[in-house]
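A.B. asks: Listed in order, the protein sequences are those of chains A and B.
Heads up: the first sequence begins at 279 in the working numbering, then just goes up one per residue.
Heads up: the second sequence begins at 2 in the working numbering, then just goes up one per residue.
For the record, the hints were derived by calculation from the structure and aren't laboratory data.
None of the values given here were measured: they were computed from a predicted structure.
Among the hints, a few may not be true.
[Said to hold, decoys possible] Distance condition first, Cα-Cα at most 20 Å in a straight line; then the derived EDC-like pairs of lysine to aspartate or glutamate: (1) K193/B x D214/B; (2) K483/A x D214/B; (3) K549/A x D145/B; (4) K404/A x D406/B; (5) K483/A x D78/B.
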Amino acid sequence: MQTRQKNPVPVEEKRHSQLAFLLILVAAIVAAAVIFNFITGGRFLDGTNILVIISHIVWPSFVAWGLCFLFACGYTDLSIGAILVLGSFATCIFGNWYGYPGVILGGLVVGTLLVFINFNVFAYTKIPSWIAGISLAMIYEAVAVVLKVSDATADLIYAEMDKSLRVLGQVPWSILLLFAGLAAAYLLYNRTTIGLNIRALGGNKDVARALGINVNRTLLGVGLICGVFIGVAAIVQESVAGRTLVKTGLTSINMVFQPLAIVLLAQIMQKRLNVIIAVPICAVIIYAVFNLLTIMGVPSGTLQEAFLGAFLIAFGVVGQRGVKGVVK
Amino acid sequence: MSGENILEVRGLNKYFGPTHANRDITFTVRRGEIKGLIGENGSGKSTLISQIAGLYPWDSGEIVFNGEKYCPRSPIDANNCGISMVMQELGVIGSLPAGVNVFLGRTNQFTKNGVVSLKALNRAAEEVFEKWGLPKVPLNKLTDGMMIEARKIIELARALSVDPQLLLLDEITQSLSLNNRNKLYEIIRKLKEMGRSVIVITHDVEELIQITDTITVLRDGAVVGDVVSKETTPDEIKRMMVGRDISGAYYRADMTPAFGEKVVLSVRDLTVPGEFENLSYDLHEGEILGFCGLSDSGIHAVGKAVYGLARPSSGSVRLKVSETETVAIDRADTALRRNMAYVPKDRDSEALMLHASILENFNLPSLTDLEGKAGYLAPKKLKKRAADLVASMKVKCTDIFQTMDALSGGNKQKVNLGRWLAKEPKVLILDCPTRGVDVGVKAYIYALMKEAKKKGIAIILISDELTEVLGMADRLIVMKGGKVTARIRRDEDFTEQSVIGVMI
Numbered sequence: 279m280q281t282r283q284k285n286p287v288p289v290e291e292k293r294h295s296q297l298a299f300l301l302i303l304v305a306a307i308v309a310a311a312v313i314f315n316f317i318t319g320g321r322f323l324d325g326t327n328i329l330v331i332i333s334h335i336v337w338p339s340f341v342a343w344g345l346c347f348l349f350a351c352g353y354t355d356l357s358i359g360a361i362l363v364l365g366s367f368a369t370c371i372f373g374n375w376y377g378y379p380g381v382i383l384g385g386l387v388v389g390t391l392l393v394f395i396n397f398n399v400f401a402y403t404k405i406p407s408w409i410a411g412i413s414l415a416m417i418y419e420a421v422a423v424v425l426k427v428s429d430a431t432a433d434l435i436y437a438e439m440d441k442s443l444r445v446l447g448q449v450p451w452s453i454l455l456l457f458a459g460l461a462a463a464y465l466l467y468n469r470t471t472i473g474l475n476i477r478a479l480g481g482n483k484d485v486a487r488a489l490g491i492n493v494n495r496t497l498l499g500v501g502l503i504c505g506v507f508i509g510v511a512a513i514v515q516e517s518v519a520g521r522t523l524v525k526t527g528l529t530s531i532n533m534v535f536q537p538l539a540i541v542l543l544a545q546i547m548q549k550r551l552n553v554i555i556a557v558p559i560c561a562v563i564i565y566a567v568f569n570l571l572t573i574m575g576v577p578s579g580t581l582q583e584a585f586l587g588a589f590l591i592a593f594g595v596v597g598q599r600g601v602k603g604v605v606k
Numbered sequence: 002m003s004g005e006n007i008l009e010v011r012g013l014n015k016y017f018g019p020t021h022a023n024r025d026i027t028f029t030v031r032r033g034e035i036k037g038l039i040g041e042n043g044s045g046k047s048t049l050i051s052q053i054a055g056l057y058p059w060d061s062g063e064i065v066f067n068g069e070k071y072c073p074r075s076p077i078d079a080n081n082c083g084i085s086m087v088m089q090e091l092g093v094i095g096s097l098p099a100g101v102n103v104f105l106g107r108t109n110q111f112t113k114n115g116v117v118s119l120k121a122l123n124r125a126a127e128e129v130f131e132k133w134g135l136p137k138v139p140l141n142k143l144t145d146g147m148m149i150e151a152r153k154i155i156e157l158a159r160a161l162s163v164d165p166q167l168l169l170l171d172e173i174t175q176s177l178s179l180n181n182r183n184k185l186y187e188i189i190r191k192l193k194e195m196g197r198s199v200i201v202i203t204h205d206v207e208e209l210i211q212i213t214d215t216i217t218v219l220r221d222g223a224v225v226g227d228v229v230s231k232e233t234t235p236d237e238i239k240r241m242m243v244g245r246d247i248s249g250a251y252y253r254a255d256m257t258p259a260f261g262e263k264v265v266l267s268v269r270d271l272t273v274p275g276e277f278e279n280l281s282y283d284l285h286e287g288e289i290l291g292f293c294g295l296s297d298s299g300i301h302a303v304g305k306a307v308y309g310l311a312r313p314s315s316g317s318v319r320l321k322v323s324e325t326e327t328v329a330i331d332r333a334d335t336a337l338r339r340n341m342a343y344v345p346k347d348r349d350s351e352a353l354m355l356h357a358s359i360l361e362n363f364n365l366p367s368l369t370d371l372e373g374k375a376g377y378l379a380p381k382k383l384k385k386r387a388a389d390l391v392a393s394m395k396v397k398c399t400d401i402f403q404t405m406d407a408l409s410g411g412n413k414q415k416v417n418l419g420r421w422l423a424k425e426p427k428v429l430i431l432d433c434p435t436r437g438v439d440v441g442v443k444a445y446i447y448a449l450m451k452e453a454k455k456k457g458i459a460i461i462l463i464s465d466e467l468t469e470v471l472g473m474a475d476r477l478i479v480m481k482g483g484k485v486t487a488r489i490r491r492d493e494d495f496t497e498q499s500v501i502g503v504m505i
């Protein structure tokens with residue numbers, strides 16, 4: 279047979295190997311956590327610290343899922359951080375005005391709308407997305423700063439979101455939201471026509487077009503899906519932090535640094551584990567590393583990021599071991 | 002064959018900017034007819050059937066399908082009307098599993114409450130493979146990294162899954178090895194028996210005459226004639242294609258192996274797991290060493306392994322660099338530095354930078370030779386070299402700045418081959434060098450090979466076309482299931498029959 283696949287891997291077997299990898303990964307994380315706990319004198323697995331870790335992985339996971347769809351269609355959008363900031367503003371303002379409906383709709387509508395606008399720009403102007411993304415990031419950051427300094431809105435921006443409105447940043451709601459996000463992202467990415475079309479677009483746009491996939495419509499679909507995930511991320515982020523800081527000069531890009539690291543790590547694993555499932559696990563790993571470094575007194579910022587960079591490379595090397603490059 | 006027309010193309014015109022790609026094309030296809038479409042590279046064949054398949058609209062003229070005016074807005078629209086196509090170069094989506102690729106763009110039919118059932122989709126794909134007797138492909142595996150032949154089979158399954166009234170095949174046979182080519186012929190016969198029609202594009206004139214009922218010949222975007230396959234000859238078709246006589250004898254006329262004594266490349270006990278094992282041979286100066294075999298023979302991995310692109314588990318490849326010294330070739334950059342060249346079978350994915358210009362593609366392998374002081378690459382020098390190569394290789398293009406994706410298959414191959422020949426390599430590895438090229442270009446490539454042989458360049462010729470290796474090689478290594486089953490010299494039993502005997 280011309281495929282040279284002597285023993286094609288049946289679907290069941292593939293599922294089993296994914297499950298086995300997942301179990302090994304979880305066991306490795308638990309083992310590492312026990313070691314971390316020993317190193318930090320019991321502070322790492324302290325109940326409060328565990329809650330901190332959990333509450334801090336939810337919003338980056340949602341951003342990472344959004345980025346998964348973005349990258350799957352072969353696009354890059356550097357304005358996601360700025361959209362996250364504006365989404366958080368909206369969550370805070372509308373939440374304080376209208377309660378939970380405002381919290382949910384504020385972040386969701388602003389996040390979805392802005393990412394959708396971005397994808398309209400990408401689809402119809404044909405400007406490379408990373409260039410258009412930078413331009414849009416500058417516009418969104420400027421809007422955020424105007425809101426911050428304007429007499430009419432400054433008070434609203436500086437106000438913290440009411441504590442009673444922040445349950446989505448707390449356990450168990452945040453965990454429930456995480457699982458709901460995981461289920462939605464998994465189904466959309468792997469089991470829906472739009473998900474498959476998005477991946478086809480990233481695989482080869484010409485082939486996708488030749489197979490009758492409407493490229494522009496699919497791109498707008500990415501905008502909507504990614505926007506919803508960013509919108510939810512903005513809601514959770516605001517629920518955890520209570521307020522969002524903003525500056526111009528593309529500083530909003532920093533907001534997506536952790537989610538980006540999560541996606542990169544998940545992509546390293548994707549030959550063994552579905553990238554969507556890998557996202558929350560990678561979020562735990564990355565946040566746990568940052569958390570450990572903080573507990574150990576490693577200064578935040580540059581040094582912690584250097585550790586994270588080295589960790590990603592080491593993980594990448596281990597993750598690629600034994601992966602065959604060619605399916606015959 | 003019924004007399005009823007299933008397809009009528011009337012006065013079709015298509016422009017790409019200033020290029021008049023199709024000129025007043027008029028032809029018909031009857032129900033149950035196998036129609037051949039042939040012409041030189043760039044004659045407008047692919048453009049024509051791409052319009053029929055709904056890939057792009059025509060500028061004037063009309064098409065009638067099944068007695069009704071036909072104007073597809075997309076390939077899905079064409080599919081819905083009963084027309085499907087296997088494209089020449091575009092393939093499958095590497096980041097998606099094979100099963101999904103079969104139904105990509107039509108996955109809605111497996112959707113329940115918005116969720117696609119991959120189980121149902123794979124089952125349906127399996128049914129397509131079984132119904133048409135296609136060789137099995139792992140449906141849950143990503144197609145990324147699958148051999149070109151497997152990818153073509155997936156594309157064929159995709160086209161057949163539509164259950165087409167009219168199937169369009171654009172140069173698919175040359176991607177298939179002998180066994181799968183025969184399977185394709187069976188499918189074409191089956192479609193004919195079912196009263197379905199097929200339009201086949203291939204550059205293999207003999208094959209076209211053998212499998213079709215009628216042939217329409219295109220030249221410079223226009224129809225130059227229609228012939229009944231049984232009543233024509235390969236020479237007549239070639240003459241119609243190029244507008245002058247082309248001798249059928251473009252292969253070597255001699256039947257004696259002719260090459261130097263000096264061994265330039267020694268391969269010893271080379272094993273690439275899953276591909277081939279314990280392969281040993283010597284390649285001599287000025288020799289053309291042919292490799293042939295069926296799809297699972299591992300011949301295509303031989304070229305990759307010798308050039309350092311496939312990692313062997315054991316064995317060695319050594320290149321003679323001087324009278325006393327040999328060097329191990331275990332990486333592609335070593336091979337390139339030591340003046341070896343490799344032209345892969347899958348030129349679009351493995352050889353060319355499709356979005357870069359002809360200038361860049363021609364110069365890329367020779368940049369170190371073209372460097373001036375401090376590594377400076379003089380634009381004038383690069384442009385001159387590209388322009389000279391465009392002229393000497395007779396590449397049909399607007400200028401050297403045209404991107405590769407705008408060229409026809411044959412012209413892409415001229416760039417692919419020309420950039421290596423210009424370097425006058427010591428060893429030239431050619432994997433299916435005439436895949437997707439017309440007879441004129443084919444003759445030209447064989448002439449180039451003969452010239453290279455005369456200059457002492459040692460050539461490894463890997464091919465799915467028996468006539469090609471028999472026509473050009475001094476010695477032939479026949480492989481089956483990753484093992485050598487025969488070594489035949491040109492002056493021995495060098496016939497198709499004897500080779501097939503040890504190949505199957």
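A.B. asks: Could you run down the list of hints and mark each one as holding or not?
C.D. replies: Okay, the hints, checked on the actual structure:
1. Under the criterion of a C-alpha separation no larger than 20 Å, the hint pairing K193/B with D214/B is consistent with the structure, at around 10 Å.
2. A hinted pair counts as satisfied when its Cα atoms are at most 20 Å apart, and K483/A with D214/B does not qualify at roughly 36 Å.
3. With a C-alpha separation of about 12 Å, the suggested pair K549/A and D145/B falls inside the 20 Å cut-off, and the hint holds.
4. Straight-line distance between C-alpha atoms of K404/A and D406/B comes to about 19 Å, which keeps the hinted pair within the 20 Å bound.
5. With a C-alpha separation of about 19 Å, the suggested pair K483/A and D78/B falls inside the 20 Å cut-off, and the hint holds.
Consistency note: the structure conflicts with earlier hint 2 alone.
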